[in-house]
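Student: Sequence:
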Amino acid sequence: MQIKIEEARKQGKVGLIPFLPAGFPSREQFWKELEELDAAGAGVIEIGMPFSDPVADGPVVEKASLKCLADGINLAWIFDGLKERKGRFNAALLLMGYLNPVYQYGLDKFGADCEAAGVSGLIIADMPFEESGFVKDAIEPHGVSLVPLVGLNTTRERMALYAENAQGFCYFVSVLGTTGQRESLPAKIKEKLAEAKEVFDIPIALGFGIKHPDQLKQFEGLMDAAVFGSALITHIENGNTSDSFMEPWK
1 MQIKIEEARK QGKVGLIPFL PAGFPSREQF WKELEELDAA GAGVIEIGMP FSDPVADGPV
61 VEKASLKCLA DGINLAWIFD GLKERKGRFN AALLLMGYLN PVYQYGLDKF GADCEAAGVS
121 GLIIADMPFE ESGFVKDAIE PHGVSLVPLV GLNTTRERMA LYAENAQGFC YFVSVLGTTG
181 QRESLPAKIK EKLAEAKEVF DIPIALGFGI KHPDQLKQFE GLMDAAVFGS ALITHIENGN
241 TSDSFMEPWK
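Residue numbers (the UniProt record's numbering): 1 to 250.
Read the hints as simulated data drawn from the structure, not as lab findings. Heads up, the beta-carbon is just placed ideally off N, CA and C, and yes, glycines get one too.
Below, simulated SDA-like cross-link-like pairs (lysine to any residue); rule was C-alpha separation at most 20 Å, straight line:
1. LYS250 with ILE236
2. LYS136 with GLN104
3. LYS32 with ARG85
4. LYS211 with ILE236
5. LYS86 with HIS142
6. LYS136 with LEU99
7. LYS32 with ASN74
8. LYS211 with LYS250
9. LYS190 with HIS212
10. LYS250 with GLU35
11. LYS250 with ASP38
12. LYS136 with ALA116
13. LYS83 with GLU36
14. LYS67 with HIS235
15. LYS190 with ILE202
DEER-style ranges, computed between Cβ atoms:
16. GLY239 with GLU35: 16 to 22 Å
17. LYS63 with GLU198: 35 to 41 Å
18. LEU107 with ASP214: 37 to 43 Å
Could you put together the complete structure from these sequences and hints?
Tutor: Structure representation (structure tokens):
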């Protein structure tokens, strides 16, 4: 993941990290969307693991994820599909979700299946640093990095805890709230991004509320990648393609 973001940086570009819930907008179409995102220049693709209580997700992502759950999407389906397509994607693959499904699946089995499926990263939105050790210990032997989440209310001291042995990239949450498209982002972001840049020696990715590259001009030099989910989901729901969404970002 880190290599993919750094490749974009060397070209003077922001690393692109699109997010889609697994199985969205349908079982068959999901894989086509991944292929389009990959071909359009995504450096990392975040695949959402649908969960019944997605506390960090706004209404757009929650609605899409619950639909995927209702369609029977689970970790076994995700891993089976990725194993079939292993080696086809240029982008690094990352799973994002909540601890419960991962824990229920079995941590050792989860790590092994990530490796077999070509998944190199994991984000657990509801797991604080103090409780993350047993997950890291299970997945790191399989080449899977646990990506840290920090935000506007994360102190420098706490950032330093996350930064110790951190791999992949740091996901910087732009708002104190859930995911979703926003017309503007908090003014305090610049200050906290600069702090994160000083603390972490891995790339910084800005997420939550990102829908267009123009939003990022004010943060030039302070972040290395952009994560977008809700805007992409809405774009697809309106009958458009992933490729056309990615066009302004190229």
